Structure formats: C-alpha cells, structure tokens
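The sequence shown begins at 925 in the numbering used here and counts up one residue at a time.
Think of the hints as simulated: they come from the structure by calculation, not from any bench. This structure is a prediction, so every number in the text was calculated from the model and none was measured. There could be a bad hint or two in this list.
[Unchecked claim] Estimated spans, in silico, between C-beta atoms of each pair: (1) E972 to F1039: 42 to 50 Å; (2) A1015 to L1052: 31 to 39 Å; (3) T1037 to R993: 14 to 22 Å; (4) L1073 to Y1032: 54 to 62 Å; (5) T989 to N1046: 52 to 60 Å; (6) D1014 to K973: 51 to 59 Å; (7) M1076 to L1041: 47 to 55 Å.
[As the list claims (entries may be wrong)] DSSO-like mimics (lysine-lysine), calculated; alpha carbons at most 30 Å apart, straight line: (8) K973 to K987; (9) K987 to K1043; (10) K1002 to K973; (11) K964 to K1002; (12) K1043 to K1054; (13) K964 to K987; (14) K1002 to K987.
Where is the CB? At the ideal position from N, CA and C, for every residue including glycine.
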Amino acid sequence: MACHGDQAAVTGPRSVSHGEDSRAKCPRSGAVIGPCAACKILRRRCAEKCVLAPYFPPSEPHKFTIAHRVFGASNIIKFLQDLPEPQRADAISSMVYEAGARIRDPVYGCAGTIFQLQKQLNELQAELAKAQAEMVTMQCQQAQLVQTLFAMSNAPSSPESSPDQQSSFCKGLIIGPSRSPDSFRSNSSSLLEDDRPNGNPNSMWDMEETMCWS
925 MACHGDQAAV TGPRSVSHGE DSRAKCPRSG AVIGPCAACK ILRRRCAEKC
975 VLAPYFPPSE PHKFTIAHRV FGASNIIKFL QDLPEPQRAD AISSMVYEAG
1025 ARIRDPVYGC AGTIFQLQKQ LNELQAELAK AQAEMVTMQC QQAQLVQTLF
1075 AMSNAPSSPE SSPDQQSSFC KGLIIGPSRS PDSFRSNSSS LLEDDRPNGN
1125 PNSMWDMEET MCWS
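Work the whole structure out from these sequences, hints included.
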C-alpha cells in the first residue's frame, strides 16, 4: 500500500497505464533516458512528467538516498510542489546538504557546521584586524621617517666664508691682528736700515763677516 501511495504522489493525478514507457526524457536535451534515481530506488515506474526526475538523475542515486533517508519521498515531493519551478533546484541541493549533515552529526546537523564556519570566520576577522593595525603602525612610522629626513635635508647649514672674509683672514695671518700694512712697511724699512754695513756695528752684516773670517 505504501508503494501505491508513493507512486500516486510521484505521478500526480494522472493515472499510469501498464503500456506507458518507464523512461523519462532529459529536460535539457530531450533525449530518452532511463528512470530517475528516485523511481529506481523506490522500484516504481517513472512517469513522463515525474516531479523528481529533473533533480535526481540516474547517474546520482546517492543524492536521493540521502534525502529520502532523512526527509522521506512524500515530504520531498510535497515540498517541491509548493515551490515555483525556478527555486526547486536550489531547494533540492539544500535538502541533500542538510540530510548529509544530519547523517554525519545526528545531534547538531547543519548547526554544528554553521558553528564551525562561524568560529573560523571570527578567527579570520581577528587576524585581519591585527594585520590592519600593524599596517597602520608601519605607515605612521614611515611617515615620521620621511618627515625627519625632509627636516634634516632642509636644515640651515653653516654658511661658507665669503671671499672678503678669506682675504681678511689671510691678511691677519701675514700681517698680524694688531698691525696695518703701513706699520709693516715702516718696520721692514727700519730693519733694513739697521742691518746695513755702515750702520750698527752689531748688525747682521758684521756678524756674517765675523763668522766667515773665523
């Protein structure tokens, strides 16, 4: 009796005759293929307008096995009939995923997976915030370094001595700080006059002659 009820739910109000082909058409290419995975697992004839055929192809029987184990075929068909056709594919994918999570973790199901993903997200956000803080710190240090180098490059250096200052410095070395050029010439003239042979007997000339004769 259960099999007849599931068959009526799959085929809908349309009665199935024994002469009807048990193969469904591919919704994309229109080619004739074997019965869908749902009808094959339930061991019943697959109608031409089977509700489950577009979402449980014969090449993927594990999808219907997982969903049927948790939700049941009748609930899956009723759920699909209540949804618009563009949303049915996403709904089947969600049901298969939820059923697989419930089989892996009978206590938490999808909630355990969501909790783990949320934990990883929080850890990644904390690492991202730390990296952004370090980047801001490095940018501030770089800006301070640039400002320091710019200030050092624009700092006033010691002015070089002008040609007039160099000339006066050289004159000071030659003449002396307390002598003028006129006093230097007068001192030189008096020194030459004092050192003449006819001048002071103790002049430089007399000393040289004395040294030569001796």
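Hints and how they fare:
Remark: the range hint 42 to 50 Å for E972 to F1039 is upheld by a beta-carbon distance near 44 Å. Look at A1015 against L1052: about 34 Å separates their beta carbons, and that is inside 31 to 39 Å. Hint check: T1037 to R993, Cβ distance near 18 Å, so the stated range 14 to 22 Å holds. Checked against the hint of 54 to 62 Å, the C-beta distance between L1073 and Y1032 comes to roughly 59 Å, which is consistent with it.
Checked against the hint of 52 to 60 Å, the pair T989 and N1046 fails, with Cβ atoms roughly 35 Å apart. For the hinted restraint 51 to 59 Å between D1014 and K973, the CB-CB distance of approximately 21 Å leaves it violated. Between M1076 and L1041 the CB atoms are about 53 Å apart, so this pair conforms to the stated range of 47 to 55 Å. With a C-alpha separation of about 20 Å, the suggested pairing of K973 with K987 holds against the 30 Å cut-off.
For the hint pairing K987 with K1043, the CA-to-CA distance comes to about 29 Å; that is within 30 Å, so the pair holds. For the given pair, K1002 sits about 15 Å from K973 by alpha-carbon distance, which is consistent with the 30 Å threshold. Straight-line distance between C-alpha atoms of K964 and K1002 comes to about 19 Å, which keeps the hinted pair within the 30 Å bound. For a cut-off of 30 Å, the pair hint linking K1043 to K1054 stands: about 17 Å separates their Cα positions.
Under the criterion of a C-alpha separation no larger than 30 Å, the hint pairing K964 with K987 is consistent with the structure, at around 13 Å. Taking the CA atoms of K1002 and K987, the gap is near 17 Å; set against the 30 Å cutoff, the hint holds.
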